[in-house]
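Residue numbers (my numbering), protein chains in the order written: chain F, 1 to 301; chain C, 1 to 301.
Hints are computed from structural coordinates only; laboratory data are not their basis.
Certain hints may be false.
Pairs count within a copy or across copies, as identical chains cannot be separated in the list.
[To be verified] Result set (BS3-like, lysine-lysine): computed pairs, CA atoms no more than 30 Å apart in a straight line:
#, residue 1, residue 2
1, Lys176, Lys153
2, Lys226, Lys197
3, Lys197, Lys89
4, Lys10, Lys193
5, Lys91, Lys271
6, Lys197, Lys176
7, Lys271, Lys146
8, Lys50, Lys202
9, Lys297, Lys274
10, Lys118, Lys50
11, Lys297, Lys253
12, Lys217, Lys176
13, Lys286, Lys118
14, Lys197, Lys177
15, Lys8, Lys176
16, Lys177, Lys278
17, Lys225, Lys177
18, Lys286, Lys193
19, Lys286, Lys13
20, Lys217, Lys177
21, Lys118, Lys34
22, Lys118, Lys271
23, Lys272, Lys118
24, Lys34, Lys297
In this text the structure is predicted, and so the values were computed from the model without any measurement.
There are 2 protein chains.
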Amino acid sequence: MIDLLIEKIKQTKNPSVVGLDTCVDYLPQEMQDKISSLSDVCDALTEFNKNIVDNICDIVPAVKVQVAYYEMYGVYGMQAFQNTLQYAKSKGMVTIADIKRNDIGSTASAYSRAYLGKSSFCGMEVTPFASDFITVNGYLGTDGIKPFIDDAKQYDKGAFILVKTSNPSSGDLQNKKLQNGNTVFEEMATFVKEWGKDLVGKYGYSDVGAVVGATHKAEAEVLRKKFPSLFFLVPGYGAQGATAEDVSVNFDKNGLGAIVNSSRGILCAYKKDKYTGKNYYQAARKASLDMKDDLTKYINL
Amino acid sequence: MIDLLIEKIKQTKNPSVVGLDTCVDYLPQEMQDKISSLSDVCDALTEFNKNIVDNICDIVPAVKVQVAYYEMYGVYGMQAFQNTLQYAKSKGMVTIADIKRNDIGSTASAYSRAYLGKSSFCGMEVTPFASDFITVNGYLGTDGIKPFIDDAKQYDKGAFILVKTSNPSSGDLQNKKLQNGNTVFEEMATFVKEWGKDLVGKYGYSDVGAVVGATHKAEAEVLRKKFPSLFFLVPGYGAQGATAEDVSVNFDKNGLGAIVNSSRGILCAYKKDKYTGKNYYQAARKASLDMKDDLTKYINL
Numbered sequence: 001m002i003d004l005l006i007e008k009i010k011q012t013k014n015p016s017v018v019g020l021d022t023c024v025d026y027l028p029q030e031m032q033d034k035i036s037s038l039s040d041v042c043d044a045l046t047e048f049n050k051n052i053v054d055n056i057c058d059i060v061p062a063v064k065v066q067v068a069y070y071e072m073y074g075v076y077g078m079q080a081f082q083n084t085l086q087y088a089k090s091k092g093m094v095t096i097a098d099i100k101r102n103d104i105g106s107t108a109s110a111y112s113r114a115y116l117g118k119s120s121f122c123g124m125e126v127t128p129f130a131s132d133f134i135t136v137n138g139y140l141g142t143d144g145i146k147p148f149i150d151d152a153k154q155y156d157k158g159a160f161i162l163v164k165t166s167n168p169s170s171g172d173l174q175n176k177k178l179q180n181g182n183t184v185f186e187e188m189a190t191f192v193k194e195w196g197k198d199l200v201g202k203y204g205y206s207d208v209g210a211v212v213g214a215t216h217k218a219e220a221e222v223l224r225k226k227f228p229s230l231f232f233l234v235p236g237y238g239a240q241g242a243t244a245e246d247v248s249v250n251f252d253k254n255g256l257g258a259i260v261n262s263s264r265g266i267l268c269a270y271k272k273d274k275y276t277g278k279n280y281y282q283a284a285r286k287a288s289l290d291m292k293d294d295l296t297k298y299i300n301l
Numbered sequence: 001m002i003d004l005l006i007e008k009i010k011q012t013k014n015p016s017v018v019g020l021d022t023c024v025d026y027l028p029q030e031m032q033d034k035i036s037s038l039s040d041v042c043d044a045l046t047e048f049n050k051n052i053v054d055n056i057c058d059i060v061p062a063v064k065v066q067v068a069y070y071e072m073y074g075v076y077g078m079q080a081f082q083n084t085l086q087y088a089k090s091k092g093m094v095t096i097a098d099i100k101r102n103d104i105g106s107t108a109s110a111y112s113r114a115y116l117g118k119s120s121f122c123g124m125e126v127t128p129f130a131s132d133f134i135t136v137n138g139y140l141g142t143d144g145i146k147p148f149i150d151d152a153k154q155y156d157k158g159a160f161i162l163v164k165t166s167n168p169s170s171g172d173l174q175n176k177k178l179q180n181g182n183t184v185f186e187e188m189a190t191f192v193k194e195w196g197k198d199l200v201g202k203y204g205y206s207d208v209g210a211v212v213g214a215t216h217k218a219e220a221e222v223l224r225k226k227f228p229s230l231f232f233l234v235p236g237y238g239a240q241g242a243t244a245e246d247v248s249v250n251f252d253k254n255g256l257g258a259i260v261n262s263s264r265g266i267l268c269a270y271k272k273d274k275y276t277g278k279n280y281y282q283a284a285r286k287a288s289l290d291m292k293d294d295l296t297k298y299i300n301l
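Using the sequences and the hints, build the whole thing.
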């Protein structure tokens, strides 16, 4: 699946992913005014996301859908999450379910069936929240990751494991030094490399990649150098404060090796003076193009 | 909320929690035979769990509902998850949503609103998957945990943070030694103590506790000694291999300080020769009583 993502990036000449972290507050007032039940929330989030997808699918390779913003509306939110993943896929986009799931092996296997593999029961088979990639937290170690890797292999999917996250406190644990000389995040990256070593595709990157926050440039530089087979999912650009120059260190000399996420910067572009006169999806398209131009000033793709 | 859990443990003289990790395979064949859609799955899981709850709510203080086993059936599974939490609460049980969620602050806040706090939008307020406690993965550090702690304080709820998990590979990262002399799991426990220091109740335990696997006795002994204010949620008894003697090290001299989970051992008790002649919920009740007897051989409650 990493090969397909890279091909989409090359085709669009755009190493970015739009984060559909859509909550009701992000919707235009006229859409909010029509909401009077959780069922309406499902319809509104789905409509908003579909219009964004329709207006970016030819210029952006992938969407990242953050499940927390849907879980907070209960089963109706989860229905909108599912609708969004399905629709983006139907429009040819690569889909990343940002779920950060983690558990012991048997339970991780249940999560993996929900997103990557298949749930089988009573003669039926379903993958309710089918995604091309998921994000995973690796704190539990190898046997908690194996079900995801096995399904990535069997169903041509992928996973990004949290290595160095974009939040200000990520160093609390992740930057602590181990007695073997590695920081915790370098140790995690070492595991990720091992977990994905049999899934390296034709561009030299593995289906098992790493989440590396754009807001920690020094750490990203270390990781890019030490782990050439790891493809990075890079959050933190834009609303969280990282610039295009900051994120450029995540890329290899061919302009590959990373994909940069922006969520609020795209979804809420219509609220900015810069995009006055455009509706939310026209503004999202223009903001996506502006982001592409900004990133590719520093990246030779 | 930890005080209520401790009072329920004292009242039932039972330091155990039943894990409702209910998947279709665990249901009696006659229930499986009636399933021909995901909607049927929702009904069957809900019915099974309600019958278990009805038959244990007077003898067991709490249930732990593992969301992965519901997510794998999509929105219908999530509806059964919600039904189960609501029903167990209505029968006076303490509810633990085993979700192991984690993210940067703004996103963690969305998760927290789904389980502990409230989602507000368009004049409405909902807590779709309302739970007394949740489990959380602390790899992201302080600002990713803060929304859960804030809601625990505001709404009298609690959280158990993964410290030393029960799976065989948990030591991959968790047992690595840091340069400050702590293992990673001891370092995590140190954070957990700090995060919950303002939420210590009348029994000396905090609303912010730790997940400590029963399968790692030596580590549990260290943690019990070094962190007297942390209440432990202890998975790994029974099907995962730990004995009552193994788990006894998680308790203080008053028989408090921990609650031990069993899932398959209770839900699938009806399949064991020992419980022949009983239906699934009668077997679950008897297995719960047997577990209580087993645990209290080693714990003075």
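If you test the structure against every hint from before, which numbers come out violated? Those not satisfied are hints 8, 13, 15, 16, 18, 24.
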